[in-house]
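Novice: Hints in hand, dock the two standalone chains.
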Amino acid sequence: MSNIYLVLVILINLRLLTTSRISSCINWVALQGTLLGLYGLTAHWSHVNAELLGLAAFSIVLKGYFFPRVLHRSLRGVKAMREITPFVGYIPSLLIGLAALALCQWIGHRLPLPDYDISKLAMPVTLFSVFCGLFLITGRKKIVMQAVGYLVIDNGIFALGISAFPQTSLLVELGLLLNLCVAVFVRGIMIYNLSRVFHHMDSHQLSTLKG
Amino acid sequence: MNTDFLLWALLVSPVVFGLASLTGESEKRSLLLMLAGVGAQCFFASLAIIQVFSSGPVIDASGWLRLDALSAYHLMVMLVVYGGSSLFAWVYFISEMNAGYLRLGQVKTFTSLWCPAMSAMALVLISNNLGMMWIGIEATTLLTAFLICIHMSRGVLEAMWKYLVICSVGTALAFLGTLFLIVSAHDLGFSSGEALLWTNLLNKADQLDPMLTKAAFIFILVGYGTKAGLAPMHSWLPDAHSKAPAPVSALFSGFMLNAALYCVMRFIPLVNIATGNVDWPLGLLLGFGMVSIIVAAAYVLFQSDVKRLLAYCSVEHLGIIALGLGIGGLGTMAALFHTLNHSFSKALSFFAAGRLGQFYGSHEMEEMPGGLKVSPIWGGALIASFLALIGVAPFSVFMSEFQILKAAVDKNMLLVLAVFIIGTASIFIGMLQHAIPLAWGEQPDGIKTQKGSLLEAFIVLFPLVILLLLGIWMPEPFRIVLEKAAEIIQGKFI
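Chains X and D, in that order, give the protein sequences.
Here this note's numbering is used: the first residue of the first sequence is 1, the next is one more, and so on.
Here this note's numbering is used: the first residue of the second sequence is 1, the next is one more, and so on.
Hint data in this document are derived by calculation from the structure and do not stem from the laboratory.
For glycine and all other residues, C-beta sits at the position ideal for the given N, C-alpha and C.
Treat the hints loosely; a few may be bogus.
Stated by the list, open to error - Example chain D residues on the side facing chain X (calculated, C-beta under 10 angstroms, incomplete):
{"#": "1", "residue": "A139"}
{"#": "2", "residue": "T141"}
{"#": "3", "residue": "I150"}
{"#": "4", "residue": "S153"}
{"#": "5", "residue": "K162"}
{"#": "6", "residue": "T171"}
{"#": "7", "residue": "D187"}
{"#": "8", "residue": "I422"}
What the hints assert, rightly or not - Which residues of chain D face chain X? A partial, calculated answer using Cβ under 10 angstroms:
{"#": "9", "residue": "H186"}
{"#": "10", "residue": "D209"}
{"#": "11", "residue": "F398"}
Next up, chain D with everything else stripped away, as it sits in the complex (with noise of 0.2 angstroms):
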C-alpha cells in the first residue's frame, strides 16, 4: 500500500473540514461536518496504524514526520477518545440547542477549532521533530484555550487566563529543555534541522552531553507535566476541566493530558542512554508521580462539583501513569496500559457528568442525586466509569494499576507500594462515598426521568465493554502493541 499521503492526510483532513463547518447554514450542519473531519481522520489515522504494526514505521516528509509503534498507540487512544467525545458533542450541543442556549455562532467557534485541535493533538504524535511535536502542543493550548469559553461567564474567563498562562509557561519551559538538549548535540555532526530529529538524537544518545541532557529533561518534565497536569503544576486542570462543556472537559482529561506526557515518554530513552543507564530520569518521574497521587487523594475527599472531582481523579491518574514509567520494566507497559485505561473511563465519566448536569442544570453534588433514576442510561455510566475509575475488578484499571503494583513490590520499591496503596485506597473512599448517591439517591421532585437514544447508548457501551473485556482477558496482538510500544521509551530503538 501507498502511505506516503497517510501521514499528511490525517494531519491536514480535520483542519479543511473544521474550516468547512464555518460555512455551515445551521447548528447541525456545522456538527455534521465537524463529525466528518473527525471521521476522515480516524479513516487515515486507522490506515497508517495498521501499516505500523503490519511492516512498521510509516515516515514522511524527510524523516520529520513519524509513526511508530509508541505513536501509533497513542494515535490508537486518541481516535476512540476524540471519536466517542465529537459524538457525544453531537448530542450534548444538540440538547443545548434544543433549551435555547446555544447558537450557531457558538457552534462554528466550536467546531473550527475542535477539529484543528485533533489535528494538533496528531502533530504531536506524529512528529519526529521535537521542535514540531513541541509547536503541536503548544498549539493545542492555544486552540483549546477558547473550548473552555463556548458559554462566556466569569467563571470561565477565569478558568481559560489561568489555563492559558500556566501551560502556556510551561510548554515555554518544555522548549527550552528541548533546545538544551540541541545543544547538547552540537558536537555530533548534525546538519541544520537535522539535530531535532528524535531518530538521530536516539542514535547518537550516548555522545550527548550529559549535564545539559540532564538540566534539558528537568525543564522539559516540569514544562510538559505542567501540560500533563501533574502535581504541583496541576493549578490549571480543576478550574478548566470544571468549566470546560462536557465533551472538552472529556477531551482534555481523556487524551490532551496524554499528549503532554506522550512528549515526556518521548524524552526518557535519550536521556537514560546519555546519563549512562542509570534510570536517572526514572528516578525524576516517580517522584513526581508520588507527589501527584497524594495531592489528588487530599483533594478529593473535599470536592462538591462533580467535574472537580473528576478533575482530581485525573491528576491521581496521571501521577499513576509517571509512577509505572518511573519503575520502569513491567511498569512501562502498564503505564500504557494505564494510559487507555484512563482515557476510555475518564472520558465516560465526563460525558455521564455533562449529560447530568444538564438534566439537573447543575454540577454540584449535593444537588444532583438519584442518577439512575433520573438517566438510567448516564446514571449507569457514571457509576460504571466511577468504579472504574476507582480500579474496581474486573474493569481494566485494576488490572493495570495491579501490575504497576506487582512492578514496584518487583523492584522493592516500599516507599512507593506505600504512596500508591495509601493514595488509592483515600480516593477509592473519596470518589465511593460521593458515586452512591449520585446514582442510587432520591430523585428530586421536578427533575424528569430522560430516555436516552440508542447514539447515547452505543456512546456509554463502547467504552464500558472494552474496559470490561481488557479487564478480563488481554488480546496477544494488543499485548504485543504495548510491548513494542514499551521497548521504546526503554530504548530498544524499533
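The shape of chain X in the complex, shown without the other chains (with noise of 0.2 angstroms):
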C-alpha cells in the first residue's frame, strides 16, 4: 500500500520537470508533502502511535498548507508566473529526469535498507528527489522555483526520515520539520524583497557579484 504513495511521488517529480506555471510547482510539491505524511502513516501502520501521528499532521498541514501559502503570498504582485525559457528546455528535462530515475534505482538498490519492514522504493525515491531538486534550482530560472526545489530535496528527505522513524527520534523530526518551516518563511521574506528591489524574478539576473 506505501508504495502508491512513493510512485506518486516519483510522478510528482516528474511532472514538476515539465511544469512550466510557477503556482502548478507549488501545488505538486504541496501535494508531494502531503502524500508522504500519508505515507510515514501507512508504512508503519501496524505499529502506529501518538507520535508518530502527531508528526505526520504535523508534516501534512506544514507541506500540504503551510507552505504552499507562503511561497504564493509571496508571488503576490508579481506578474512573471511561469518559467518560459528555462536554462534546459522541458523535454530534454523530463529525459535526464528518467535517466536519473533509472540511476537512482539502481543506487537505491546497492544501499538498502538493513532490515527495515518498509517499501524498498524508500532509498530510490529519496535520491530522485534530491537529484530533481537540485535540477530544478540549477535548470531553472525564476527564484521561487529554487524554493520548490529546495522543498522537494526536503521531501525526498523526509522520505527516508520517516522510513527510519522511531530511530529518527520525534525530536529531532520536530526539529527537522520547524528549521524547514522557517528556511520557507526566510525565502518568502527573501522573493518578496527580491522581486520588489530587482523588479524581475530571475535567477540568471543576479548577477552584479562576480569574481
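Specialist: Set out below in C-alpha cells:
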C-alpha cells in the first residue's frame, strides 16, 4: 500500500520537471508533502502511535498548507508566473529525469535499508527527489523555483527519515520540520524583497557579484 | 562543582539577552544588552571548558548535550572570535550611528539575531546528538542570513539569497548523510533517539554498514563542506563575506566556517572505523583540501575588493585545515592548531578591513592606500593580519602550516606537498602585492588621520599577541588540549 504513495512522489517529481506554471509547481510540491505524511502513517501502520500520528499531521499541515501559502503570498504582485525559457528545456528535463530515475533505482538497490519493514522504493525515491530538487534549483531561472527545488529535496529526505522512524527520534524530526518552516518563511520574505527591489524574478540576472 | 546547568546556561543566556535587546530604547542600550549576552555565554562556557580539561567531558540532557576535548577546544576559539567580534561590533556600529548610517531598528535586528546565532553555534559544538548538531548548523544559516542585510542594497540581497540557497541545500545534503548513517545503525539495537548519539555510534562504529556509511560521508562532506566554504562549493562565500557588515564577515570567516568543518570532524572517526580503518574518509578530505587551495590561489591574484580577497583567503585556509585532517597523524593536530590561528588572524583582518573601509568609504583596494597613515591602529592591524595569514614567521600560522607540511613529508605525499607549496606561494605573492600599497601607499587627499580608542587597541592587540606567542612558544597545557582533541578525531575515544 505504501508503495503507491512513493510511486506518486516519483510521478510528481517528473511532473515538476515539465511544468512551466510556477503556481502549479507550488501546488504539486504541496501535494507531494501531503502524500509523504500519509506514507509515513501507512508504512508504520502496524505500530502506529501518538508520536507518529502527530508527526504525520504536523508534516501534512506544514507541507500541504503552510509552505504553499507562504510561497503563493510571496508571488503576489509579480507578473512573471511562468518559467518560459528555463536553462534546460522541458523535454530534455524529462529525459534527464527518466535517466536519473533509472540511475537512482540502480544505486538505491545497492544501498539497501537493513532489515527495515518498509518499501524498497524508499531509498530510490529519496535519491531521485534530491536529484530533481537540485535540477530545479540549477535548471530553472525563476527564484521561486529554487524554493520549490529545496522543498523537493526536503520531501525526499523526509521519505527516508519517516521510513527510519522511530530510530530518528520525534524531537529531531520536529526540529527538522520547524527548521524547514523557518527556512521557507525566510525564503518567502526574500522572494518578496528580491522581486520588489530588482523588479524581476530571474536568478540568472542576480549577477552583479562576480569574481 | 555542580555542572548540571552549565551547558543549558550557555545555550539559553545569549537568547535571553538577544530578545531583551529588542526592548532597548536606544542603539547603545541594545548593543550593551548584546554584549551582556555574549559575556554571559563566555562566563558559562569558560566554566564548562575548565571542567572538561580538569575532570573530563561534561554531559547533560540524557547524553544529548556533551562537551568533550574536541568541542571544548572549538568552543574556546568561538568565545574569543565571538567576544572580539562583539566588541568590534560596538566600535563599528557606534561609528555608523555617529555618521547617521544606522537606525535603531537596524541595531535591534542585528542584536536580536547576533546573540541567538551564538547559541546556535554553541549548540553545534555541544550536541552529542547528530540531529541536533544539524539543527544548530541550519539555524546558524537562517539567523545569520539576515545579519548580512543590515544595510539593504541590491548587492546585499543578491549575496543573501545565494548564501541562503547554497548553504540550505548543503545542509539538507548533510542531513541526508546523517540519515544514511542512522539507517546503517538499524541492526545495532538502539532505541528511539539513541541511534543519533555520536558516542553510541562511535562505540559500535565497527558494526555500521560500510557501504551506507561511505555514502553517508560523501553527503556529509559535500553538505557541511558547502557551509565550510570548501571548493568547489564555495561560491556563496566571497559574496556573503564582502557584502556583510565587517563584524558579521569576521564571524563568518572566524568561526562559522569552522563550525561546519567541526561537524565533518565528528564523522571522521565513525566512518574510518566503519570502513575498516583504511583512512577512506581522509582521502576525500585531501581531495577537497587541494581543490580549495588551488581555487583560492587562482582567485586571490585577481581581486580588487579587500573583503573578497580575504574571503578567498578563507577558502585557502579551510582547504589547508581539510588537508591537515586528510593527512592524519600529526596533520590532525596541526589542522586543529591551524583552525585557531586562522580564526584569530582572519577575524582581525576583517575588523581592520571593515574599519578602514569606514574611513575610506570603500573596500576597493585601489581606493584605500596608506592605511598606516590614515589609522596606525587599523592600518597596522591590516598589515599584521595579512602577514599572519600568508604564513610569515613568527606568527603561529607559520607554525601550523609548517607542521602540516612536515606531516605530508613524513607520509611521502608528494602531490599534496606540491599543491600546498605552489598554492600557498601564489597566495603569498597575491596578498603581499595588495598589502604593501594598502599599508604604505600615499594617503589620499581628503582622508583624515584617525585616532583610535583604547578599546580598538585592545581588539587589535589581543589576537595579535596570542598569534605571536603561539608562534614562538606552545604552552604545555595548550599542547595537551590539542592532543586530546586530535585523539577524538583519530577515533581514540575520550
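Novice: Are the hints correct? Go through all of them and say.
Specialist: Hint check results:
1. A139: Since chain X brings a Cβ to about 7 angstroms from D:A139, closer than 10 angstroms, the hint holds.
2. T141: This interface hint holds because 8 angstroms falls under the 10 angstroms limit.
3. I150: 14 angstroms, violated
4. S153: For D:S153, the interface hint holds, since the closest Cβ of chain X sits about 8 angstroms away, which is under 10 angstroms.
5. K162: Holds. Min distance 7 angstroms.
6. T171: 9 angstroms, holds
7. D187: Hint holds; D:D187 Cβ to chain X Cβ min 5 angstroms, cut 10 angstroms.
8. I422: D:I422 check fails; min Cβ-Cβ to chain X is 21 angstroms, beyond 10 angstroms.
9. H186: Cβ of D:H186 sits 5 angstroms from chain X, so the hint holds.
10. D209: 6 angstroms, holds
11. F398: Nearest chain X Cβ about 29 angstroms off; hint violated.
Hint check: violations occur at hints 3, 8 and 11; the rest are consistent with the structure.
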